[in-house]
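These protein sequence lines are chains X and U, in that order.
First residue of the first sequence: 1, per the working numbering; consecutive thereafter.
First residue of the second sequence: 1001, per the working numbering; consecutive thereafter.
Think of the hints as simulated: they come from the structure by calculation, not from any bench.
Check the hints yourself; a few may be wrong.
What the hints assert, rightly or not - In silico SDA-like pairs for lysine to any residue, Cα to Cα no more than 20 Å straight-line:
| hint | chain 1 | residue 1 | chain 2 | residue 2 |
| --- | --- | --- | --- | --- |
| 1 | X | K89 | U | E1033 |
| 2 | X | K70 | U | R1156 |
| 3 | X | K45 | X | E33 |
| 4 | U | K1110 | U | K1094 |
Stated by the list, open to error - Just so you have them, the derived chain U footprint on chain X, three or more residues with Cβ under 8 Å:
| hint | segment |
| --- | --- |
| 5 | 10-21 |
| 6 | 47-61 |
| 7 | 83-94 |
What the hints assert, rightly or not - Partial list, computed: chain U residues near chain X (C-beta under 7 Å):
| hint | residue |
| --- | --- |
| 8 | E1031 |
| 9 | L1032 |
| 10 | F1053 |
| 11 | N1054 |
| 12 | S1061 |
| 13 | S1066 |
| 14 | S1085 |
| 15 | N1087 |
| 16 | E1154 |
For glycine and all other residues, C-beta sits at the position ideal for the given N, C-alpha and C.
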Amino acid sequence: MSDAIKNVEEKNGVIIISTTGYFNNLAGDAVLEVFNEKMESGSTKFLIDMNDSKVVNSIGVSILIEIIEKLQVVNGVMAFTNLAGIVEKTFNIMGITKYCEVYDSVDSALEKIS
Amino acid sequence: MVPPISSKKSIEDLENQLLKKNKVLNEKYLELETLLDLTNTINSLDDLEKLFFNVLTLSSSIIDSSKGVVLIKNDVSNIFDITSSFNIEEEKIKKQIFNTRSGFLNKLNKDKKSYIVGRKDDFNHELFDSKKALINPILNNNKLVGAIILFDKETRDGIKNFEKNDLKLLEAISIQTSIAYQNIKLLESLKKSNKLNENIMSSITTGIVEINLFGEIEFVNKEALRLLNKNEIDVIGNHYFIIFEKNNLLIDLIQKVEFEQKRIFESEFNLKSKSKKTSVNLSCSPVFDEGKSFSGIVIAMDDLSKINKVKSTFKKYVSKNIVDKLLENENSLNLGGEESEITILFSDIRGFTSMSEKLSPTQIVNLLNKYFQSMIDVVFKFNGTLDKIVGDELMVLYGVPLKNENDTENAVNTAIEMFKSLDKFNSKIVKDGFEPFKIGIGINKGKAVSGNIGSEQQMNYTVIGDTINLGARLCSHAKSGEILISKSVKSVLTNDYKFKEISPIEVKGKSKPIDVWIYQHK
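Pulled out of the complex, with its shape left as it was, chain U reads as follows (with noise of 0.2 Å):
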C-alpha cells in the first residue's frame, strides 16, 4: 500500500534529519579519530619542528581553519619564535617580536588558558591577513613556553568565528602538545647530558668501566680500553669474566663487590692485558637504582707508571714528602725559570785530594758511596732538593721548587745533623781502618733564578745568581767541623743554635768584607 503524500513527507523529513545526524557523527568520529592520529604521531616524535607542523596541519584539518602558526619561547632571550607556520607567508610576520610584555601573549601569560579572540582583545589581525583567531597555550610546568594560533574557520559561506566546541578541541590538542613538548625537550636535555657525560668520561684520564647486573660490560672509556689494551666492540656487553681473564684477582675484587656490595680500593694493583702489565690504583664500587638495589659495579683505574716514573726520577733530588706534595699540586711547581728567595746550603770533604791518594779507586768511589748516601738522607729529612754531587761537594737547595716556611732552619738543621751523621759514618770507617772524613759547611740565603737550564740535549733543575756563588765561598772558608752563615741567613733563624760572629771575611768577587756567623761541631 502507497503512504499518504504526508506520512510520505514524514519519511522524507526523518530521512534528512537522520542524514544530517550521520553527518554530525561522522565529523565527531573524524575528530576522534585525528585526536588519536595526533597522540600516536606526537608522542613519536623527538623533533620540536615535526611535532609543531603536526599539530598546526592535523588541528587545522579538523578544526577547519585557513592557517595556522605556533610561536615558542626561545631560552635565551625570552622572545616567541615562529617554530612552525601552516598556509601562512611566514615572511610577513617573521620580523615581528613577540613577548609576553603585550599583546594577546600577555593575556596568555597571565590566563594560561584558551581564547577565542573577540573584538576587545589586543590583536594584530593585520599581520597575519586574518579575520578570525583562536589562540592555545603551550605549558611547560604551568609556565608559558609557547602558544598555537589558529586562523579564520572556513565555511562554504566563508569565514565564521570560532565556536566552544573548537576551543575544547583545541585545549585538548593543546595538551597532548604540552605533554609532547615536554618529553621532547627531557630528551634533549638527556642527550646533551648524554654527550657531556661522553665527553668527560672521554677526556679523563682515569680508565672506567661500568658492568651491569648480568656481569656484562655497558660501558668502558677510552682510557680504560688503553690500560686493557683492548678495542671498544671487543669489550661492550661481554662478560667481566672474559674480558679480565687474565686478571684473576679482579675478578675476585669484583665478584667481592657483587657479594660485600662495598667500595674496595687495591693501590698499586698490577693490571694484566694481552702484552703488558701495568701498575693502577683501582677502586670497585657498586651502583645502586634509584629504589637503592643494586645495579651493578663500576671500576676505576688510575695509572701508576707515569707517576711512579717522576716519582723515581725525582726521588732521587728531593725527599719523598716533596715527590708528594709536588704530585699532589702541580701548581705548585715551577720549572719555567722564576726570580725567587731560597737557601742554598754547600759541604765538601776536606783534604780529600790527598786522602784519595792513598786509596785505590775503587775504595774511594765505595766510601764516597756510603759518605753521600748517610748525608743525602739527612737533605731529604729536613726537605732539601740535592741540586748537585761534584767530586766531593754536595749542593742542596731550599725553598724552591716547593716552598716551605722554614726553609733557613731547615738548611741550618741539615748541616747540624749532617755532621752528626758524619761521626757515625767516620767510626765506622775508621774500625775499617780508614781515615776519618772531615767536612766544612756554608749556607746563604738570597734571590736566585731557579728553573730547568742547559741545552735541549740535556736540561737540569738548578739556581744561578750571586746568592749561589757567595753559599759557594763560604763552603770554602768553613774548616773542618764548622758551619759558616751569611748575614741573611742569620737574621731569619729563630733558635741561635750557637752560631758566633766571626770577624767579616773577604770573598773573590765582593767588593767589602762579607759579615759571617760560625757554628763549630765538637
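So here's chain X without its partners, still in its complex pose (with noise of 0.2 Å):
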C-alpha cells in the first residue's frame, strides 16, 4: 500500500480510504487504485477521510472526480469527511462538491450513506 494510504477499512458496507500528507498525483493514484480493487470486488459506497491530508492539488483532485465519474456509472456513492478548509475550499471551486457529500465526522457520514 501506498505511503498517501494511512488505512483502508469497510464499515456497514462502505469503505474508507482514510489517506495522508499531500493528496497529489501519488495520493490520488494510490486511492484509485485502492478503488479500481474494491469496486471488482463490488464496492459501491466509498468515503475518503482527509484528516491527514491538509493539502491538494488540482491532479490530486482530478483523479478524485475520474473516481467518481466511474461510480456514477454504477449509482455508487462517494463521501469525503475531515476536510480541511483550504481542501474543502478547493472541492466547491472544482465542483467536486456537486457530486458528492461532505460529512464532518466518519460516523456521521456512515449514519448517511451506509
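Relying on the hints, combine the two individually framed chains into one complex.
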C-alpha cells in the first residue's frame, strides 16, 4: 500500500479510505488503485477520510473526479470527511461537492450513506 | 424537431468546448482564491516558520508542484538555511551548504528575478530528487534574503516543466511573502527593542512614569513603583490625579507641563506615598510624537535619600566640594586600601592640659567645639579630609580619598589660615575671660596606605605608615605659633611662604636627624 494511504477498512458496506500527506498525483493514484480493486469486488460506497491530508493539488482533485465519474455509472456513492478548510474550498471551486457529500466525521458519514 | 446529425455534433463540440472553458475558469478562480487566502494567511502570521510552511503548501497546491523548499539567509553566517520544506526528505539536503557564491542562489542574487530552471542552469536536481524546478527570490529592501523553490509540476501523464503562468503566479506569491517577511522581521526587531527597553527601565535607579495624552499612566518602572509605594496593577491605566492624589504639587507640575509643554526640573522634591516621604530630583518632560504633536508626559525621579545619607555622613569628614566630586565620579573613590602619595597635617593645642585644669568640663567641651569648628572650616576650605580628632589634636589628610594637583600647597595654606582663624577665635574667648589657645602644626608628605581600616564591627577610613608617624613627630616638635614641614613638603612648594630651614631635628624612630623648615606666625 502506498505511503499516501493510511488505512483502508470496510464498515457497514462502506469502504473507508484514510489518506495522509499531500493529496497529489501519487496520493490520487494510490486512492484510484484501492478504488478499482474494491469496485471489482463489488463495492459501490466509498468514504475518503482526509483528516491527515491538509493540502491537495488539481491533479489529486482530477483523479477524484475520475473516481466519481466511474461511480456515477454504477449508481455508487462517494463522500468525504474531515476536510481542512482550504481543501473543502478547493473541492467547492472544482465542483466536486456538487456530486458528493462532505461530512464532519466518519460516523456521521456512515450514518447517512451506509 | 430532431436536429440533423451534423448539428448534433456541433452542439456536442460546443458543449465540450464550454466544459473545457469552464474548467479553465474554475482553475483561474481557484488560483485567485488561493492567492487571496495566502495573502490573508501570511499577513496574519507573526512566525517565520509558519509563514514559509503556508507559502509552500499553498503554492505547491495551486501550481501542482510535487514538493518545495524555502531557504532563508542566516544573518550571521550568510548561509541560506532550510527554513521550511514540503513533501521533501530534509535528511538528504540539510547538510548541503547553500550560499550566493555559486549555483542557483548566485544567479538569484544577481538577477533578483524568478526563473524556471533550464538545462543550462547550474542546479543539482539529484540533491532534491527532482526533475524540474521553479525558483523565486525573497527580497528585503531589494536584497536577497531567501528563496522559494518548487519542484516537478505534476500532470496525469507525469512530471512536466513549469510554465510562464506558474512563474507569474509564484512571483505574485513571492512579493506577498517578501512583504510578510519584512513585517515579521520588523515585528521581531520591535519586540527585541521593547524587551531591551523593559530591561533597561527595570534596572535603572531612576523612577520613570509615562503619562499618555488622556492623563492615564501608560508605563511605570520598578523604581517608580518603589518610590510611590504602589503595585503596577494599581497604577497602569489610572489617571495621574488618582495616582498622585497625595502629591498636589506634582499634579500642579504635570498640569504646568501639559499647558506650557516645556520640561520642568525640581530638585529635592518631597514625594509623598502611603507611608513615607522621599526626597527626589524630579523632571517632568513633555513627549511629542513624530508629527511633533504633544502626546504625553514622562516623569523621571531620582531618589536622593541614599545620596543624602552618603552626603551627610561624608560631610562630617570632607568638604562639600569633595563630596560632590566623589558622587559625580564614583570611580575616583578608592576605599579598598591603596598605597599613594599623601600630605598629612597634624595640629594640637599647646599647654592644653594645664589650661583645662582651670576650667569646668562643660567649659572645656564648649571651647573645644568652637575651636574645632573654626579649624575644620579652614580644613574644608582647602579641600582637606578630616581624618580624626584625638583629644586636642587634629589629623587632616590631603590627596586621599580624592587626589588634587595642589594637595601639599593646600595643606600649607590650611596651616597658615588656621593661625589667622585662631587669632579671631582667641580674640573672642579672651573677651569672655578665657586664656587664648596656642597651637603647633606639623606637615609631612610621602607614601602611605589609605583605606577602610578596622574590624567588621568598626571600620574607619584612615591612613597608616611612616609618613604619618613623621607628620605627628613634626607636630609635637612645633612650638606655639609654628608650622614645621619636612623636606618632601618644602621641595614641592612653589611659594616660599617665608619658611626657613632650621637645624635638623632628631625624632623617635629615625636614625638620622631630619631636615626641617619652619614658619612662624606673627
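Verification of the hints:
1. Taking the CA atoms of K89(X) and E1033(U), the gap is about 9 Å. The hint holds against a cut of 20 Å.
2. Of the pairs offered as hints, the one joining K70(X) and R1156(U) holds, with about 17 Å between alpha carbons and a cut-off of 20 Å not exceeded.
3. Taken as a hint, the K45(X) and E33(X) pair is honoured in the structure, with Cα atoms around 15 Å apart against an allowance of 20 Å.
4. The suggested pairing of K1110(U) with K1094(U) is violated, with an alpha-carbon distance near 24 Å, which exceeds 20 Å.
5. Only when three residues or more bring their CB closer than 8 Å to a CB of chain U does the claim for the segment 10-21 of chain X stand; here the count is 1, and the claim is violated.
6. Residues of the segment 47-61 of chain X lying with their CB closer than 8 Å to a CB of chain U number 6, which satisfies the three-residue condition for coverage.
7. A count of 5 residues in the segment 83-94 of chain X with a Cβ less than 8 Å from any Cβ of chain U is obtained; the coverage claim is therefore met, three being the minimum.
8. Residue-level restraint check for E1031(U) is violated (minimum Cβ-Cβ distance to chain X is 10 Å; threshold 7 Å).
9. Because the smallest distance between the Cβ of L1032(U) and any Cβ of chain X comes to about 10 Å, over 7 Å, the interface hint for this residue is violated.
10. Residue-level restraint check for F1053(U) is violated (minimum Cβ-Cβ distance to chain X is 10 Å; threshold 7 Å).
11. At a threshold of 7 Å, the smallest CB-CB gap from N1054(U) to chain X is about 10 Å, leaving the interface hint violated.
12. Among the interface hints, the one on S1061(U) holds; its C-beta lies about 5 Å from the nearest C-beta in chain X, closer than the 7 Å criterion.
13. Against a cut-off of 7 Å between C-beta atoms, the interface hint on S1066(U) holds, since the closest Cβ of chain X lies about 6 Å away.
14. For the restraint placing S1085(U) at the interface with chain X, the shortest Cβ-Cβ distance is roughly 12 Å, beyond the 7 Å limit, so the hint is violated.
15. At about 5 Å, the closest approach between the beta carbon of N1087(U) and any beta carbon in chain X falls short of 7 Å, and the interface hint on this residue holds.
16. With its C-beta approaching chain X no nearer than about 4 Å, E1154(U) sits inside the 7 Å limit, and its interface hint holds.
Hints 4, 5, 8, 9, 10, 11, 14 from the list above are not met by this structure, while the remaining hints are.
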